[in-house]
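*Asks:* Chains as they are written, first to last, in my numbering: chain D, 312 to 480; chain F, 1034 to 1468.
Honestly, the hints are just simulated from the structure, not real lab data.
Warning: the hint list may mix true and false statements.
[What the hints assert, rightly or not] The calculated lysine to any residue pairs, modelled on SDA-like cross-linking and capped at a C-alpha distance of 25 Å, are:
| id | chain 1 | residue 1 | chain 2 | residue 2 |
| --- | --- | --- | --- | --- |
| 1 | F | Lys1090 | D | His343 |
| 2 | F | Lys1090 | D | Ala445 |
| 3 | F | Lys1284 | F | Asn1074 |
| 4 | F | Lys1234 | F | Leu1322 |
| 5 | F | Lys1072 | F | Gly1379 |
| 6 | F | Lys1202 | D | Pro324 |
| 7 | F | Lys1212 | F | Asp1257 |
| 8 | F | Lys1090 | F | Asp1066 |
| 9 | F | Lys1202 | F | Arg1100 |
| 10 | F | Lys1090 | D | Asp455 |
| 11 | F | Lys1090 | D | Glu441 |
| 12 | F | Lys1090 | D | Leu423 |
| 13 | F | Lys1072 | F | Ser1297 |
| 14 | F | Lys1284 | F | Ser1070 |
| 15 | F | Lys1212 | F | Ser1070 |
| 16 | F | Lys1212 | F | Ser1297 |
| 17 | F | Lys1234 | F | Gly1302 |
| 18 | F | Lys1212 | F | Ile1360 |
| 19 | F | Lys1090 | F | Asp1406 |
| 20 | F | Lys1202 | F | Thr1313 |
| 21 | F | Lys1202 | F | Tyr1258 |
| 22 | F | Lys1234 | F | Glu1245 |
| 23 | F | Lys1234 | D | Pro324 |
| 24 | F | Lys1202 | D | Arg338 |
| 25 | F | Lys1090 | D | Ala448 |
| 26 | F | Lys1202 | D | Gly443 |
| 27 | F | Lys1090 | D | Pro324 |
| 28 | F | Lys1234 | D | Leu423 |
| 29 | F | Lys1202 | D | Leu423 |
| 30 | F | Lys1284 | F | Phe1081 |
| 31 | F | Lys1202 | D | Glu441 |
| 32 | F | Lys1090 | F | Ala1400 |
| 33 | F | Lys1284 | F | Gly1302 |
| 34 | F | Lys1072 | F | Asp1436 |
| 35 | F | Lys1202 | D | Thr444 |
| 36 | F | Lys1202 | F | Val1368 |
| 37 | F | Lys1202 | F | Gly1379 |
| 38 | F | Lys1212 | F | Leu1226 |
These figures come from a predicted structure and were not determined experimentally.
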Amino acid sequence: VTSSRVVIGLGSPDRGDDAVGLEVARRVADLHLPGVTVVEHEDPTGLIDLWDTADLAVVVDAVRSGSAPGSLLVVEAGADAGPLADRAWARTGRGGTHAFGLAAAVELGRALHRLPHRLVLVGVEATQFEHGTALGAPVAAALDAVVATVVGLVATATPQVEAVSHVSG
Amino acid sequence: MTHKLSDGGQVLHVGMLARVEGEGGMHIEIHNDVVQSVKLNIFEPPRFYEAFLRGRKYTEPPDITARICGICPVAYQTASVEAIEQICGAETTPEIQAMRRLLYCGEWIESHSLHIFMLHAPDFLGFDSVIEMAADYGDVVEMALRLKKAGNDLMTLVGGRAIHPVNVKVGGFYRMPTKLEMLALRPAIASGLEEAFATIKLVSTFDFPEMEQAYEYVALRHPDYYAIERGTVVSTSGTAFPVREFPDHVKEFHVAHSNALHASLDGGGPYVVGPLARYTLNHDRLSPLAREAAREGGLDVTCRNPFKSIIVRAVELVEVFVEAIRIIDAWQDGVAPSVPVPARAGEGFGATEAPRGVLFHRYRLDADGMILDAQIVPPTSQNQPSIEADLRTLVEQWIELSDHDLSHRCEHAIRNYDPCISCATHFLDLTVERS
Chain D
312 VTSSRVVIGL GSPDRGDDAV GLEVARRVAD LHLPGVTVVE HEDPTGLIDL WDTADLAVVV
372 DAVRSGSAPG SLLVVEAGAD AGPLADRAWA RTGRGGTHAF GLAAAVELGR ALHRLPHRLV
432 LVGVEATQFE HGTALGAPVA AALDAVVATV VGLVATATPQ VEAVSHVSG
Chain F
1034 MTHKLSDGGQ VLHVGMLARV EGEGGMHIEI HNDVVQSVKL NIFEPPRFYE AFLRGRKYTE
1094 PPDITARICG ICPVAYQTAS VEAIEQICGA ETTPEIQAMR RLLYCGEWIE SHSLHIFMLH
1154 APDFLGFDSV IEMAADYGDV VEMALRLKKA GNDLMTLVGG RAIHPVNVKV GGFYRMPTKL
1214 EMLALRPAIA SGLEEAFATI KLVSTFDFPE MEQAYEYVAL RHPDYYAIER GTVVSTSGTA
1274 FPVREFPDHV KEFHVAHSNA LHASLDGGGP YVVGPLARYT LNHDRLSPLA REAAREGGLD
1334 VTCRNPFKSI IVRAVELVEV FVEAIRIIDA WQDGVAPSVP VPARAGEGFG ATEAPRGVLF
1394 HRYRLDADGM ILDAQIVPPT SQNQPSIEAD LRTLVEQWIE LSDHDLSHRC EHAIRNYDPC
1454 ISCATHFLDL TVERS
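Same shape as in the complex, but just chain D:
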């Protein structure tokens, strides 16, 4: 029996902390984890196509929940978990184009029965989203911990033998 695992880094480059998902995806890709597909992605409306065939999907994104900058928020949001709260993740970055953000993608996926059994959202508390800026110091300092969290999630899933791939979404 095989399982498919995908890590999706969501965000925008050159928009400060909003790039954290992309940076984590690159670092996870560099680890060449067997059977793990790593995707960098910007448009939340495309997430459903990326995760609906996976058994486990991990989405890494910047969040604003009021916690300390750089702190981690891990939320189980898959088909086996309950729906997200109405405002959960609503303030993630700019919420995606026309306010269709990660939370909307998760709940739309649930309504269409296109969520993976297990979908884990790994949020990194972000504070600044200025154009042309790099990750802020608190988020940059959290990268190792975020990568370790993501690796821990995908590595504990059932291993299988698919080829490694790294695609840009």
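Based on the hints, put chain F in the right spot on chain D.
*Replies:* Chain F only, in chain D's frame:
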């Protein structure tokens, strides 16, 4: 949320307007069942793009201005490169223009499919959002996702990325996609054309409130095609002028209640840019298939009911799929991706049809190609007065509705315009005061 006023009136506060891009609000005052004022309060902070273009190199605007908006970056890129190439006397090739149009087709597919299904259709079908709509209309939402993906894939192929493309440069592109790469997308584009017709069939069955806009419509017009990436400016009053005269005719002005500049055309009242204006002024430039789609959608050769903008967007979806197929089928590899663009002092003007309407750019360069001055007039700024005028008309028609229903209808009327507040701020929260 409602509040009683000290004079016996009422304030209805609806909160942040949903399913639009950016942040703003609206304030409506009603006294004795007569609308006293309608104000779009755009409180998204000014973004100062025009200011920070100053002092940058003439090659930078396509990358800088693409960042103004995640849903219409190609509009910004194309308007900027057209303006700068004009200053520098660079003539692009027909192949570069065709590739710009193909990239722009991708943007229209992305933007129109998102707005038609994810943002606007829930209003007509009685859902709060596309998520609730998906429970009853799962097949429709799946179709929407496929359509949007076709647009994203086209943007990714030509632009290098689905959002904020990176393959556009002054003078053309860094790299042309190959015919083989384009043919790989063709089946999805062909399916998209069929599903655009299915979209027409769906949206034309919606119930449309009666409304006829009397405003002037303004759009670009091209001698050969349905204007998208270039054209001259025309209006329903017969005004026609080249893009370079845009600043002579369109004057921006500040109003106290909005961080986005309003605009007037030749000192007149509200005017409309966007799908209704494009369709009404350019029906004869649509492809035969898109005209057939319009007929199937129940449209005449003009359309002045803003609620039917959803049908017009579906017709435009057909048009851009037709155009994408035409360009892909005619493409031949081996052409130069760009032309040289030497720096030159001067002033240049560019205008394109963003999904929401005419977008205008003006730049002034010094002899070294440094940007001395930049002006950007986005479509939502131009449409603000007409959105306010629409609401004034509609609130008076709907005065007997409950505050809740009135608010819902007003939000629907605003979404007729698919307003992009991020672009305009340079925008929604709804307040109704009754007394």
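*Asks:* Each hint should be assessed against the structure and marked as holding or not.
*Replies:* Cross-check of the supplied hints:
1. Taken as a hint, the Lys1090 (chain F) and His343 (chain D) pair is broken in the structure, with Cα atoms around 40 Å apart against an allowance of 25 Å.
2. Of the pairs offered as hints, the one joining Lys1090 (chain F) and Ala445 (chain D) holds, with about 22 Å between alpha carbons and a cut-off of 25 Å not exceeded.
3. For the suggested pair Lys1284 (chain F) and Asn1074 (chain F), the alpha carbons sit about 20 Å apart, so the restraint of at most 25 Å is met.
4. Note on Lys1234 (chain F) and Leu1322 (chain F): the hinted pairing holds, with a Cα-Cα distance of about 14 Å set against a maximum of 25 Å.
5. Proposed proximity of Lys1072 (chain F) and Gly1379 (chain F) is contradicted: the alpha carbons are some 38 Å apart, above 25 Å.
6. Under the criterion of a C-alpha separation no larger than 25 Å, the hint pairing Lys1202 (chain F) with Pro324 (chain D) is consistent with the structure, at around 19 Å.
7. A threshold of 25 Å between alpha carbons decides the hint, and for Lys1212 (chain F) with Asp1257 (chain F) the separation of about 24 Å falls inside it, so the pair holds.
8. About 55 Å separates the Cα atoms of Lys1090 (chain F) and Asp1066 (chain F), which puts this hinted pair outside 25 Å; it is violated.
9. At roughly 14 Å between alpha-carbon atoms, Lys1202 (chain F) and Arg1100 (chain F) fall within 25 Å of each other, so this suggested pair holds.
10. For the given pair, Lys1090 (chain F) sits about 37 Å from Asp455 (chain D) by alpha-carbon distance, which is inconsistent with the 25 Å threshold.
11. Restraint check for Lys1090 (chain F) and Glu441 (chain D): satisfied, since their Cα atoms lie roughly 21 Å apart, inside the 25 Å limit.
12. Using a Cα cut-off of 25 Å, the hinted pair Lys1090 (chain F) and Leu423 (chain D) is violated, with the two alpha carbons roughly 47 Å apart.
13. Under the criterion of a C-alpha separation no larger than 25 Å, the hint pairing Lys1072 (chain F) with Ser1297 (chain F) is consistent with the structure, at around 16 Å.
14. At roughly 23 Å between alpha-carbon atoms, Lys1284 (chain F) and Ser1070 (chain F) fall within 25 Å of each other, so this suggested pair holds.
15. At roughly 55 Å between alpha-carbon atoms, Lys1212 (chain F) and Ser1070 (chain F) are farther apart than 25 Å, so this suggested pair is violated.
16. Proximity of Lys1212 (chain F) to Ser1297 (chain F) is assessed by CA-CA distance (about 44 Å); at most 25 Å being required, the pair is judged violated.
17. Distance check on the hinted pair: Lys1234 (chain F) and Gly1302 (chain F) sit about 35 Å apart at the alpha-carbon level, beyond 25 Å; violated.
18. In summary, the hint linking Lys1212 (chain F) to Ile1360 (chain F) is supported, as the alpha carbons are separated by about 10 Å, within the 25 Å threshold.
19. Restraint check for Lys1090 (chain F) and Asp1406 (chain F): the C-alpha separation of about 12 Å stays at or below 25 Å, so the hint holds.
20. With a C-alpha separation of about 32 Å, the suggested pair Lys1202 (chain F) and Thr1313 (chain F) falls outside the 25 Å cut-off, and the hint is violated.
21. For the hint linking Lys1202 (chain F) to Tyr1258 (chain F), the alpha-carbon distance of about 24 Å falls within 25 Å, and the restraint holds.
22. For the given pair, Lys1234 (chain F) sits about 23 Å from Glu1245 (chain F) by alpha-carbon distance, which is consistent with the 25 Å threshold.
23. The straight-line distance between the Cα atoms of Lys1234 (chain F) and Pro324 (chain D) is roughly 39 Å, outside the 25 Å bound, and the hint therefore fails.
24. For the hint linking Lys1202 (chain F) to Arg338 (chain D), the alpha-carbon distance of about 30 Å lies beyond 25 Å, and the restraint is violated.
25. Between Lys1090 (chain F) and Ala448 (chain D), the direct Cα distance comes to roughly 30 Å. Violation of the 25 Å bound is thereby established for this hinted pair.
26. Between Lys1202 (chain F) and Gly443 (chain D) the alpha-carbon distance is near 18 Å, which keeps this suggested pair within the 25 Å criterion.
27. Of the supplied pair hints, the one linking Lys1090 (chain F) and Pro324 (chain D) holds, its CA atoms being roughly 21 Å apart against a limit of 25 Å.
28. With a C-alpha separation of about 22 Å, the suggested pairing of Lys1234 (chain F) with Leu423 (chain D) holds against the 25 Å cut-off.
29. Between Lys1202 (chain F) and Leu423 (chain D), the direct Cα distance comes to roughly 40 Å. Violation of the 25 Å bound is thereby established for this hinted pair.
30. Taking the CA atoms of Lys1284 (chain F) and Phe1081 (chain F), the gap is about 19 Å. The hint holds against a cut of 25 Å.
31. Proposed proximity of Lys1202 (chain F) and Glu441 (chain D) is supported: the alpha carbons are some 23 Å apart, at most 25 Å.
32. Annotation: proposed proximity of Lys1090 (chain F) to Ala1400 (chain F) holds, straight-line Cα distance about 11 Å (limit 25 Å).
33. Restraint check for Lys1284 (chain F) and Gly1302 (chain F): the C-alpha separation of about 12 Å stays at or below 25 Å, so the hint holds.
34. A C-alpha spacing of about 17 Å is found between Lys1072 (chain F) and Asp1436 (chain F), which places the hinted pair at or below 25 Å, so the restraint holds.
35. Only pairs whose Cα atoms come within 25 Å are accepted, and Lys1202 (chain F) paired with Thr444 (chain D) is accepted, the gap being roughly 22 Å.
36. For the hint linking Lys1202 (chain F) to Val1368 (chain F), the alpha-carbon distance of about 16 Å falls within 25 Å, and the restraint holds.
37. With a CA separation close to 19 Å, the supplied pair Lys1202 (chain F) and Gly1379 (chain F) stays within the 25 Å bound.
38. Between the alpha carbons of Lys1212 (chain F) and Leu1226 (chain F) the distance comes to roughly 20 Å, so the proposed pair stays at or under 25 Å and holds.
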